[in-house]
Amino acid sequence: MQPFTTLQAVAVPLDVANIDTDQILPARFLKKPRSAGYGNFLFHDERRRSEAVPLDAAPYAGAGILVADRNFGCGSSREGAVYALVDGGIRCVIAPSFGDIFASNAAKNGLLTVTLPEETAAALRARLKAEPGASLTVDLPAQTVTDPGGSAIPFDIDPFKKRCLVEGLDDVALTLEHAEAIAAYEARAAAEAPWRVPG
Amino acid sequence: MPPQPRTLLDKVWDAHVMATRPDGQALLAIDRHLLHEGSFHAFGMLDHADRKIRRPELTFAVADHYVPSRDRAGPIPDPEIANMVSMLAANAGRHGIRHFGLDDRAQGIVHVLAPEQGLTLPGLTVVCGDSHTSTHGAFGALGFGIGATEVAHVLATQALWQRRPKTLRVGIDGVLGPHVTAKDVILAIIAALGAGGAVGHVLEYAGSAIRGLSMEGRLTICNMSIEAGARAGMIAPDDTTFAFLEGRPYAPKGALFERAVAAWRRLPSDEGARFDREVTLDAGAIAPTVTWGTSPETALPVTAAVPDPGAESDPTKAGQMRAMLDYMGLTPGTPLEAIAIDRVFIGSCTNSRIEDLRAAAGVLRGQKAAVPGLVVPGSGPVRRQAEAEGLDQVFRAAGLEWGEPGCSMCVGINGDLVPAGERCASTTNRNFPGRQGPNARTHLMSPAMAAAAAVTGRLTDIRRLGGR
Ligand code: SF4
Numbered sequence: 000m001q002p003f004t005t006l007q008a009v010a011v012p013l014d015v016a017n018i019d020t021d022q023i024l025p026a027r028f029l030k031k032p033r034s035a036g037y038g039n040f041l042f043h044d045e046r047r048r049s050e051a052v053p054l055d056a057a058p059y060a061g062a063g064i065l066v067a068d069r070n071f072g073c074g075s076s077r078e079g080a081v082y083a084l085v086d087g088g089i090r091c092v093i094a095p096s097f098g099d100i101f102a103s104n105a106a107k108n109g110l111l112t113v114t115l116p117e118e119t120a121a122a123l124r125a126r127l128k129a130e131p132g133a134s135l136t137v138d139l140p141a142q143t144v145t146d147p148g149g150s151a152i153p154f155d156i157d158p159f160k161k162r163c164l165v166e167g168l169d170d171v172a173l174t175l176e177h178a179e180a181i182a183a184y185e186a187r188a189a190a191e192a193p194w195r196v197p198g
Numbered sequence: 000m001p002p003q004p005r006t007l008l009d010k011v012w013d014a015h016v017m018a019t020r021p022d023g024q025a026l027l028a029i030d031r032h033l034l035h036e037g038s039f040h041a042f043g044m045l046d047h048a049d050r051k052i053r054r055p056e057l058t059f060a061v062a063d064h065y066v067p068s069r070d071r072a073g074p075i076p077d078p079e080i081a082n083m084v085s086m087l088a089a090n091a092g093r094h095g096i097r098h099f100g101l102d103d104r105a106q107g108i109v110h111v112l113a114p115e116q117g118l119t120l121p122g123l124t125v126v127c128g129d130s131h132t133s134t135h136g137a138f139g140a141l142g143f144g145i146g147a148t149e150v151a152h153v154l155a156t157q158a159l160w161q162r163r164p165k166t167l168r169v170g171i172d173g174v175l176g177p178h179v180t181a182k183d184v185i186l187a188i189i190a191a192l193g194a195g196g197a198v199g200h201v202l203e204y205a206g207s208a209i210r211g212l213s214m215e216g217r218l219t220i221c222n223m224s225i226e227a228g229a230r231a232g233m234i235a236p237d238d239t240t241f242a243f244l245e246g247r248p249y250a251p252k253g254a255l256f257e258r259a260v261a262a263w264r265r266l267p268s269d270e271g272a273r274f275d276r277e278v279t280l281d282a283g284a285i286a287p288t289v290t291w292g293t294s295p296e297t298a299l300p301v302t303a304a305v306p307d308p309g310a311e312s313d314p315t316k317a318g319q320m321r322a323m324l325d326y327m328g329l330t331p332g333t334p335l336e337a338i339a340i341d342r343v344f345i346g347s348c349t350n351s352r353i354e355d356l357r358a359a360a361g362v363l364r365g366q367k368a369a370v371p372g373l374v375v376p377g378s379g380p381v382r383r384q385a386e387a388e389g390l391d392q393v394f395r396a397a398g399l400e401w402g403e404p405g406c407s408m409c410v411g412i413n414g415d416l417v418p419a420g421e422r423c424a425s426t427t428n429r430n431f432p433g434r435q436g437p438n439a440r441t442h443l444m445s446p447a448m449a450a451a452a453a454v455t456g457r458l459t460d461i462r463r464l465g466g467r
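So the protein sequences, as listed, match chains A and B. Under numbering that gives the first Met the number 0, think of the first position of the first sequence as 0, with each following residue one higher. Under numbering that gives the first Met the number 0, think of the first position of the second sequence as 0, with each following residue one higher.
So here's chain B without its partners, still in its complex pose:
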């Protein structure tokens, strides 16, 4: 009998199961454990139980959530924030973990840094106490976010008990229209699935439109899998993946790289592999997309209008729409392009890689921004590359600020907040109430769309504005 065709997830999963329990839970080996400042609870649990880190050489600590995006010359002024950054350094030092701190040239957002350094590889399991660990699936790895108790568990055992998730194949065939990017694709997918639509599933993104994306674009797609409720999203590794990895600091080298590539070529889902669910989208039908509400599922083509709760037959849903409109300060029927913004933010683990900055700079070159804004590269290497290409000059000349790498205004915990009541065009991944600051209003979009909004001062169809 021929072997049962398997999915990409099946192959990565099967290769990491160390034991199974009668109830079906598997003890999964973890290959990469990434930590950030928020891991202090987990270190506390580890210390409290007097346990050691089982595999420090597979554990990496990155300062990103609390680091300042401006002026890093002096000490961090806020003592609580300074404490978060130094606690990570101290915990990493004490346990012998490689630490990418503020003074490290590679420092950046953990989900930008790990792929860039070659820490994320096809077929690996990658965990981090951060829900956007789904990003790493762009390489055909199984990456997922975990909570503090699970972080402590991985530190102590390099393993996690997990139930095999269901699989959902998202097929996107065809050619993306002009100025339609990976961000628009993933927003369209989330709108189609719903914010909780993929709970319990691992998404596999497939089809010609996905295969045509760069690694940067694939990272953007997988990054937002969690916004559809999926803990992980994966894309089969191919020549684009291998070319990206070759020569990266922590990637295998020489003969070992060749051997790894040969193994990685066997990872893609087999012909005839069965998925629990399948969804298909037509790439050509996806428009530049923005969100209007306080859930990423409220994504619409920028050509649409603010929806009317009066047209919703379910009273609970209509009530929820009204609450979102109220929070966002929007009136039903307003064309999205008529919505004026107060500020732009270009950055975050979704859209702060070099390709994102090039796209934004392409729109802003020779233009003045009508509103203030902040551009924060995802890592030191991205920042230096952008500066070598003169992109920082484009942003500065347009009147935007050019920051130091980190999470910054995506979550605002380093102090970069959207002021209450202000409306921000943002390349981030979450428009939740209060996400970018108490009573801040967030519209999610691609870097080119955020740049276009900066130029006109309102949500804008990039296709109308042109650029690059």
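Isolated chain A (complex conformation):
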């Protein structure tokens, strides 16, 4: 996966709470192979229907960052929603909270999710609405988001997630280093709870 270190990009404010993965990638595109260009399906219906998703407005051309409201990416576990964002050029989403599965899918595809307090995210959105097309700078190693005025906002991130993103690590290879622990565990479980393997 593509490593993530720093990103300076145009940021789009989305004043919508509970943006779910059905909106990010409508279900009818799920049967497409990744090679079909998932970026074409990003917010496919919402960006046509509502001004709340201004991805097609001129100042936001080439945007790389979204700043949203609470519970971004809730709903379905479809990783296609993350493919659509990444293939559509978005490398970072900033919000007060995220759907759990979305956040973990994001980390596995080089998409950084930054959690900021509700008021901080709201202030950032207000600023981006006042200056449409303004850029933010996200520095993952330093754990800061720098607003258009140049002030740096710190954020927290799980240290392992950070390392995987910065180094672009593949999880399976890391897990297979624990092959012995897995085998030992499985032998013990088979003796203690044999019903775990269905009859």
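No lab work stands behind these hints: they were computed from the structure.
Computed list of lysine to any residue pairs in SDA-like fashion (alpha-carbon distance at most 20 Å, straight line):
1) K316/B to E118/A
2) K316/B to P116/A
3) K128/A to R46/A
4) K160/A to T114/A
5) K252/B to A192/A
Given chain A, put chain B with the ligand in place with the hints provided.
Coordinates of chain B with the ligand only, in the frame set by chain A:
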């Protein structure tokens, strides 16, 4: 020193940790890995890395999301949809996985099928590339949805790195009112917690009202845990659980079943176990419930009215309410019972089990539906049971269609869509914009409430209509 009291989650979690990292992440053993047609991305990743499935005997593939709900005699006409169904069969065959395909008598929605076949057992970890895997927690299992990269990881390692979630106990004591069902309870819980209110937590549903529910009702409750943001929801196993499991095809048998039950009896949370959060609801105060907006958190008693954004002091929230009302085509102050519907859908992993169909048929018996509708049983066994009881005849006589098992109009990817602009009374779990089709409007409710709406053609308080 006596051992620290532990929660149900603690016990299942501790029993599955194979290794821990210095940062606190645990390598969790996975007991059941369920796949559906959407897993083609994960198989692609596995093949790309030239890896094999570590435990095919713990992996089960089910065709449900794309299968047709009508006429299964011929080939599936849409080539892309046909390809999804046959790709799953091919991937399962190639890797030696048990596959429940279209021609299998047990075929059904993965979250209906696995409990029914005895694949879901107390104390197990169950994952699937589907967010409603929370359903399986009804047995006291830890079930949660994962993304495609994680599916590939489980295929290759039968394990997942996870951080121990926080716990939130939802206590519901008291007696549910007449015609108030598990669906109303979970909608009320989601309204109380908010759509993101339980992010990072595992919910444990407890209290006398939960213990009084059948397995069907418990499955409905746990199913929608994700709609409050929780990745999993759990209910302690008890005699209701064990009675449901005994004799199921994949459940342990004979002496092994007895041994398993003895172990399962030790799973419920200990007296004095500490939860990170606790919420309580009074069962008697829960009314038949419907949603008005485009998030499950917009659930209200059916006796209420469409809320007014003008009364909301936070301008961002008021704006979001206006956007929802606009999408739903609703005017503030309209009584919910005055909202006319265009169609009903009874089905989905939330409400397509036999008890759900009985409840809907109880309302529809001898009645004519005022709007078109579709009833889709959750599995082959549910379908045959319903037919043996004559429920299909009740639905057909009322003018509703009787479908073949699958996800159908819950997500519409098999082609069963709610037409744009139409309003659907639906027993599903998501009312998101576009969920049942572009510009479709969804109101979530229980099977009895959906049946009542079918009879009157508008949202209806089932208590007024009576029935069964
Ligand atoms: S019935 Fe609906 S919610 Fe359940 S698994 Fe199928 S698509 Fe998902």
